[in-house]
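*Asks:* Following the hints, complete the assembly by docking chain W onto the known chain B.
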Amino acid sequence: MRMLDGSGRLRLITLRKSSERTQAVLAGRGELGGKAQGLLSVCPVLDEIRAAFPTIEVDIPAMTVLGTSVFDAFMERNHLAEVAFSNAPDNRIALAFQRADMPFEVLRELYELVDQWCMPLAVRSSGLLEDTTRQPFAGVYLTKMIPNNSHDPNHRFQKLVEAIKFVWASTYFKISKDYCKATGLNICDEKMAVIIQEMVGRPYDQRFYPHLSGVARSYNYYPLKPARPQDGVVSLALGLGKTIVDGGKTWTYSPAYPQMPPPFASPGELLDQTQTEFWAVNLGEPPEFNPIKETEYLRLENLAAAEQDGVLRRLVSTYDPQSERLFMGDGIRGPRALTFAPLLSLNDIPFNRLVTQLLAKLEAAAGGPVEIEFAMNFDPHRFGLLQVRPMVVPGGEEKISAEDLVSPQAIIASETVLGNGTLDNLRDIVYVIPERFNLQWTPQVAEELEQHNHRLLAQNRPYLLIVFGRLGTLDPWLGIPVTWGQICGASVIVEATQENVRVELSQGSHYFHNIINLGVKYFCMPFTSPYRIRWDWLEKQPVEAEGRYTRHVRLTQGLRVRVDGRSGRGVIALE
Amino acid sequence: MENGKSYNIFDMAQQQFDRCADMLMLDPPTREFLRTPMREYQFSLPIFLDNGETRIFRAFMVQFNDARGPTKGGVRFHPQETVDTIRALGMWMTWKCAITNLPLGGSSSGVVCDPHSLSPLEMERICRGFVRRIAYHAGPEWDVLGPDIMTEPQHMLWMLDEYETIHGRKSPGFITGKPVHHAGSKGRKEAPGYGTIITAREALRDMGLEIENTRASFQGFGMVGQHAAKLYHQMGGTIVSVACWNHADRTAYTFRKKGGINFQQLVSITDPYGEINRAQAEALGYECLPGEAWLEQDVDILVPAALENQIRPDNVGRISPQVKIILEAANGPTHPDVDSILNERGVVVIPDILANAGGVICSYFEQVQGNMNYYWSKDEVLGKIDAILTAAYIDVKNFSQQNQISLRDASYMLAVDRVARACHERGWI
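Those sequence lines, one after another, are chains B and W.
The first sequence runs 177 to 751 under our numbering.
The second sequence runs 24 to 452 under our numbering.
I should point out that these hints are in silico values taken from the structure, not numbers from a laboratory.
A hint or two may mislead.
As the list claims (entries may be wrong) - No more than 20 angstroms apart at the CA atoms, straight line, and that leaves these computed lysine to aspartate or glutamate pairs for EDC-like:
#1 B:193 to W:233
#2 B:193 to W:294
#3 W:253 to B:626
#4 W:401 to B:285
#5 B:357 to B:555
#6 W:401 to B:291
#7 B:193 to W:225
#8 W:401 to B:252
#9 W:212 to B:277
#10 W:253 to B:328
#11 W:401 to B:328
#12 W:253 to B:252
#13 B:353 to B:453
Unchecked claim - Pair by pair, the computed Cβ-Cβ distance ranges are:
#14 B:261 to W:345: 56 to 62 angstroms
#15 W:287 to B:478: 56 to 62 angstroms
#16 W:92 to B:261: 56 to 62 angstroms
#17 B:360 to W:345: 51 to 57 angstroms
#18 B:224 to W:366: 51 to 57 angstroms
We put the beta carbon where it would ideally sit given N, CA and C, even for glycine.
Isolated chain W, as found in the complex:
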């Protein structure tokens, strides 16, 4: 799923912001303030490796904006990590928290490393070393960390343990994404995927369509894609195809059954990383098509739930005229240049900051539960996520109708406006 073109993700995030700032007619100081992070930390982590050598890892922490509350963001471990990626993610998180009306700002952190080439002990040293650097710049009342790409519940637990050791007190609200039995939140696995389908459900209602009369094609079958597909299937929708990465062949495939896939059957031949076993799928009668074929299916809903920049000017023409909704389960899957094309075609794009906000809402709940050290039932967590996301969708939909703009523009305008107001009300600008 390569896009064949290099681009700077923070440039893209700023491009989106500029468009929105123009539409909001933001004054220059506010525009300048919201266009760049409030605070950034860049530092080096010297880590002892198991072989006795010491390696220096670069790390970044960007607290993009905290006008609406403590910042919240994920920690990523990735060999190609850049500060610009972290900035972009911090910015998007700011808008995402604002659009869902969470009392949080946005942040992001990352360490340039490849977890696949490091032992568990080395990973533990990185986690603890990272927290030692940021222990006085983060915390339940300042910046709440959480998992992101290649960081797992175990990493969160090591980080929490180091933080609590440094501060000499228990602070389960310092970090989210912890194991459920270690002050984690129930519903965390389901939240991001279910959240996307909640927004789709509302959009379909607006369009007068029943979900059970729709067909969908998914890109990505990891935690988000799989849970989104599960709920969509439970609600009666027909999944026609699912695309995922194949590590052995180092390429992506789309697995298709025109009559609709059997969700449980597909899950049974999928590994924990969301990779569908090609041989087993073909034996079960699935067509194995090229990776980008998910985009070309005659379906009502396309669900990009894998990587950014998957729908671009060079492939947007391959989208079937039947498609009515693009549900952005991944972060930034649609290139800004294709928004206008999709808009002209009448395709409703449910933007990422709204569609995949289920995860951050659940993280917020985990933090609240951690602060209280009192934990809720899964019904309560997921029920509240539904209520918050539905309310957010309705806000965005009403704003888009009132101003005759797309859902993406409406989402960004509402979110940026809320953050800008918070900055003004605090007297910062």
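For reference, chain B alone in the conformation it holds in the complex:
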């Protein structure tokens, strides 16, 4: 095992020769993969932050990287290429990987690891393509979290090995293959390093979770005045960051205005729209043995559990029904709302200052906007940096006037659009049929969308996708629970609401990277917006394929998609 930094907390298991183990050569050969390399590169910044915030322990949680050379040996020695590149279903691929043998040379080091670490671990992907192409693979490759708390190190070892094989297998799942096809990448070039990382959190009864998780961006695509784009944006959630990554309900604020009143019309709406459930690692018996399921060891809990664990003091406001007001903290009885108000308004913990400075320093080091993921515990305070990614900020050459938005040629228009530039001759549209849509059928809608996506990818035809609800949420009652790979062939996405689907839209939040980096154009069409989709026109177009809830039409005349990245305006019109 090789140390990757002076602290000895970041280590590497590699099959590379000793002469190839210098940091530069390892980086050059992609041994660490994208995520791990990103984390390592920010160590000097963290040193500065630590000095400025002595009351908070700021670190990258201890991690061991299983290098891409180990992945290569695993694939080669077990002759897995055939099944990996085949059209076999994901579960067959996962099973084949589970049955294959780990390279013998690393077994002892993995044994040593579980011998030393008896705490929950996150086993994450760190793909080479993520590094070399700067393509976002969020929602494509999988992460497995394991409790790693058995008294028997052999059992812990077995579970760790299962998790590693699962993450490796996810490289070749259908979604990954489709994603690579959509982005012009060759899946054969992928090599997957794996990060085995200590999880930030605390054990409570049968669950383990951090007091808060967050995603912070140094550039905000949708600033609410007076905030500016360069002020950045932070999303917070109780428990594991899965809530944020999956597009669940989170608390989002500008770090320049942490105490700005929430954008909700009433306390009732606030209670309704803030987080009520959180993810935790299951420290008890898992409900089923299923090594090829990502959430095998996770459990979804409600706020009452967190209240019982006594972790809400710094995170909630309480609704007082008599005065119909929210009070900061948990000092009175009443429904709790996860507003993070005590943390953001009282300055006893310099959390917001820490995030702001960290974003600024990382942005300076990266030479451009960045996105970070983190987790935090209180008493004692610990801030663990989990991921760092560069962001791409759209330019603004395209100019769209207010008149353009209402022109007779316009099919769709919005003033909340992500992306930039023009796309011509778009002839395929996949849309959710409005009159057949109901939130109770969203998982089935996701399946149909995946089929359309797969077919259009095979034909190499980019398409316009129109959906209802919060796209990509894993909560089927908020929108369609698709992963990015299931819609990765779409070059334009329209996220809309209608009378019976009045949920808060994602605004592309958990697909930011995919949307921005891949040049996908994203239109947000809330029901309250002055602009409408021209459904009457759409219904008259020739149908190519139709499912129970979705339809694919192919136009005889191409569409022109224009997006002004600076103003956030966009219009889709007939050419």
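*Replies:* Chain W alone, transformed into the frame defined by chain B:
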């Protein structure tokens, strides 16, 4: 690979023990008790041959010492089998289980027969006849059998079947070395060979050497030698030469490529018994040298992985001054008289009871899995073997450093001391 000198293997084993007992200053009763087997069975097996004749085969079972747990040992079929060989093997197995801290004692068994001249049916009768004789002197909680020279997984299965028939219950833990799909253990093929390289890896770490900067010469390319060579090659080491027996010419050859052999290529011209095809090897550019040339190569590591008594006073001088480690993958490949010579030259000898213990550890795991009737993944089996062998190596290394003695002396002293303590703690002595 003849040594040109007859010797009694049990004398050699006792010689090693005596030296160790002196160093440990064992009291006379303990010394006497550990110098000889606790129990021996010698019996005759009348077997009907296919031609209708009956032949009597002699068989031996030696349970050398069971102070630390049920005894464990292989069953050998060999025409030149002697009770002394079985005694020596039982003794070594006792030390081997002790040095790896397995909760087992040591035993060995054998039948004087030549499997090459017997039909499968006759072999089945021998296997079943042997078990009928020992069925009440062996078992998962008393003496666990396993394969050895010229005994194969099929033989183990016949023996198991006979044992279960006699006792009227399923007992997969009675015997090891069974086919993987018949209650065998994954990793069994790799375990002995991989085990030797695990100890070499640790020794190289102690010496501050990277395995990929080393070169090695192997004697023997059977199951142990081949898997040891495979792992060594995978870890980046360079294999310069491999020696093996040639049945047609009834002699051994050493195949050499100074720049390093291509392991996969060599395996592709090797038969299932570990014999490298001479003509194909020469066509592929290998030098074909005399059998003992493996010993003379300018390498860092010598791996005797074939027979006993291969490094002797008469050939030790031919070992290159470059050699730093002798890795005893075979049982007893080094004559006791050359230990001091090698020690003076600064050559580290990783002794057989440590270097080739991977096989017995895997057998132990197979027995445990059989007792539970629950079977592990290969990752788990091999990972645990690595952990146990590494711990054993570290114990031996620390003991040798503390007492300024060789790894062989340290291994034997630690092992004998553990067995002696078990005898004392049980109140036997």
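*Asks:* Against each hint, give a clear statement of whether it holds in the structure.
*Replies:* We went through each hint and held it up to the structure:
1. For a cut-off of 20 angstroms, the pair hint linking residue 193 (chain B) to residue 233 (chain W) stands: about 9 angstroms separates their Cα positions.
2. Proposed proximity of residue 193 (chain B) and residue 294 (chain W) is contradicted: the alpha carbons are some 31 angstroms apart, above 20 angstroms.
3. Between the alpha carbons of residue 253 (chain W) and residue 626 (chain B) the distance comes to roughly 45 angstroms, so the proposed pair goes past 20 angstroms and is violated.
4. A hinted pair counts as satisfied when its Cα atoms are at most 20 angstroms apart, and residue 401 (chain W) with residue 285 (chain B) qualifies at roughly 16 angstroms.
5. For a cut-off of 20 angstroms, the pair hint linking residue 357 (chain B) to residue 555 (chain B) is broken: about 47 angstroms separates their Cα positions.
6. Between residue 401 (chain W) and residue 291 (chain B) the alpha-carbon distance is near 19 angstroms, which keeps this suggested pair within the 20 angstroms criterion.
7. For a cut-off of 20 angstroms, the pair hint linking residue 193 (chain B) to residue 225 (chain W) stands: about 17 angstroms separates their Cα positions.
8. At most 20 angstroms may separate the alpha-carbon atoms for a hinted pair to count; residue 401 (chain W) and residue 252 (chain B) meet this at roughly 17 angstroms.
9. For the hint pairing residue 212 (chain W) with residue 277 (chain B), the CA-to-CA distance comes to about 14 angstroms; that is within 20 angstroms, so the pair holds.
10. Between the alpha carbons of residue 253 (chain W) and residue 328 (chain B) the distance comes to roughly 31 angstroms, so the proposed pair goes past 20 angstroms and is violated.
11. Among the hinted pairs, residue 401 (chain W) with residue 328 (chain B) is consistent with the structure: their alpha-carbon atoms are about 18 angstroms apart, no more than 20 angstroms.
12. For the hint pairing residue 253 (chain W) with residue 252 (chain B), the CA-to-CA distance comes to about 15 angstroms; that is within 20 angstroms, so the pair holds.
13. Taking the CA atoms of residue 353 (chain B) and residue 453 (chain B), the gap is near 32 angstroms; set against the 20 angstroms cutoff, the hint is violated.
14. Separated by about 46 angstroms at the C-beta atoms, residue 261 (chain B) and residue 345 (chain W) break the suggested range of 56 to 62 angstroms.
15. The given range of 56 to 62 angstroms is respected by residue 287 (chain W) and residue 478 (chain B), whose C-beta atoms sit roughly 57 angstroms from each other.
16. Taking 56 to 62 angstroms as the suggested C-beta distance range, the pair residue 92 (chain W) and residue 261 (chain B) does not conform, at roughly 49 angstroms.
17. In this structure the supplied range 51 to 57 angstroms holds for residue 360 (chain B) paired with residue 345 (chain W), their Cβ-Cβ distance being about 53 angstroms.
18. Between residue 224 (chain B) and residue 366 (chain W) the beta carbons are some 56 angstroms apart, a value that agrees with the proposed interval 51 to 57 angstroms.
When the structure is compared with the earlier hints, violations turn up for hints 2, 3, 5, 10, 13, 14, 16 and for no others.
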